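Residue numbers (my numbering), protein chains in the order written: chain A, 371 to 565; chain B, 371 to 565.
Derived by calculation from the structure, the hints in this document are not laboratory data. Be aware that a few hints might be false.
Which chain A residues stay away from chain B? Per the calculated CB distances, all over 10 Å, these [what the hints assert, rightly or not]: (1) T401; (2) G416; (3) A441; (4) D443; (5) G457; (6) E460; (7) R463; (8) G466; (9) F495; (10) A501.
Heads up, simulated SDA-like pairs for lysine to any residue below, C-alpha to C-alpha not over 25 Å straight-line [as the list claims (entries may be wrong)]: (11) A:K418 - A:L385; (12) B:K489 - A:R427; (13) A:K489 - B:D443.
Small disclaimer: the values here were computed from a predicted structure and weren't measured. Positions of the beta carbon are idealized from the N, C-alpha and C atoms, including for glycine.
Protein chains: 2
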Amino acid sequence: MAETRDRIVDSTAELFRRQGYTGTGVKQIVTEASAPFGSLYHFFPGGKKQLGEEVIRWSGQMYLQLFVTVAGDAPDVATGVERFFDGAAETLRETGYADACPIATVALEVASTNEPLRKATADVFDSWISAATEWFAASGIARERARELSLHMLSALEGAFIFSRALRSTEPMHVAGAASAAAVREALAAASGKA
Amino acid sequence: MAETRDRIVDSTAELFRRQGYTGTGVKQIVTEASAPFGSLYHFFPGGKKQLGEEVIRWSGQMYLQLFVTVAGDAPDVATGVERFFDGAAETLRETGYADACPIATVALEVASTNEPLRKATADVFDSWISAATEWFAASGIARERARELSLHMLSALEGAFIFSRALRSTEPMHVAGAASAAAVREALAAASGKA
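Isolated chain A, as found in the complex:
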């Protein structure tokens, strides 16, 4: 039964990425998950809203884990940044520009319409900002500068998803990645007294 629950969460996450929260119905979710209709309400008595909140938090955690893995494998933070953006560009291209940020579409849809889900996206974004800030700070960048770098980098990433998906082009993602990596290199040089 745990497997069915996982399939429901997984299918919902994919539908949210591709079409958002509003356009995703419970019938489509159970169909995609090959799950009996009643199983959704068995695992999520609160229905789509409860499932939505769980999927936002779970997807946000998965995406943070992906960032940590890519970043951890890189020889330095600037290279880690560039690899993460390039990986996002490659995934977009491979999936016909469908597979992007797991929660951005939902975040915009619910920001002014659904407070519990808005709060879930805010918690996810806060966790990303904190993790990136810690990562930059650990490489010697002052904490305040590290937070600014993180906010600008994550904003550029989210915006590049919008432009790349709409324009069906990896150019915005590659440009945003190169610019973000350059900003990190500059902050590192300033921190080590070279600039």
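Assemble the complex: chain A is given as a structure, and chain B must be docked to it using the hints.
For chain B alone, kept in the frame of chain A given last:
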């Protein structure tokens, strides 16, 4: 009658900004516009899809005009960039974080689900990228660099809307604006041989 059509377009644009395309129904549109139900189909025989495409293109043009006005009033391009982001932050704060990019939510919702609307958002984004590129190039920045700056700036703007709305904070927008202005100043210095 032309006034009714304008009210329909205007109300739809506001609903798209706040809740996206998928969650906006024709009944809500005519209610918000104080228009008779039939008038929507009188002016837009293709219904919500036709209206949606018109609103995307019209909103995109209005937003470009706002950028041109703010940018044109500034003493230099870097100040123009910072003022535009600061103005966006102020608008977010004043509207309870509801009034953001006119087409971002729609762009993400339709990118993989509705090709005519996807094309409309792509045309709008292309017009913004071209206008910003021309503006930067006119201040002496090489065209290729001007395009990169534009893509990075617009991505940061769109992403900052997502973070600011979700976090109910103007910080992401102000940080993205300051960073974008700094990147423009650097490119200007490089173009004039000062760096």
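Evaluated hints:
no.: 1; hint: T401; verdict: 16 Å, holds
no.: 2; hint: G416; verdict: 19 Å, holds
no.: 3; hint: A441; verdict: 18 Å, holds
no.: 4; hint: D443; verdict: 24 Å, holds
no.: 5; hint: G457; verdict: 17 Å, holds
no.: 6; hint: E460; verdict: 17 Å, holds
no.: 7; hint: R463; verdict: 14 Å, holds
no.: 8; hint: G466; verdict: 7 Å, violated
no.: 9; hint: F495; verdict: 5 Å, violated
no.: 10; hint: A501; verdict: 14 Å, holds
no.: 11; hint: A:K418 - A:L385; verdict: 13 Å, holds
no.: 12; hint: B:K489 - A:R427; verdict: 31 Å, violated
no.: 13; hint: A:K489 - B:D443; verdict: 38 Å, violated
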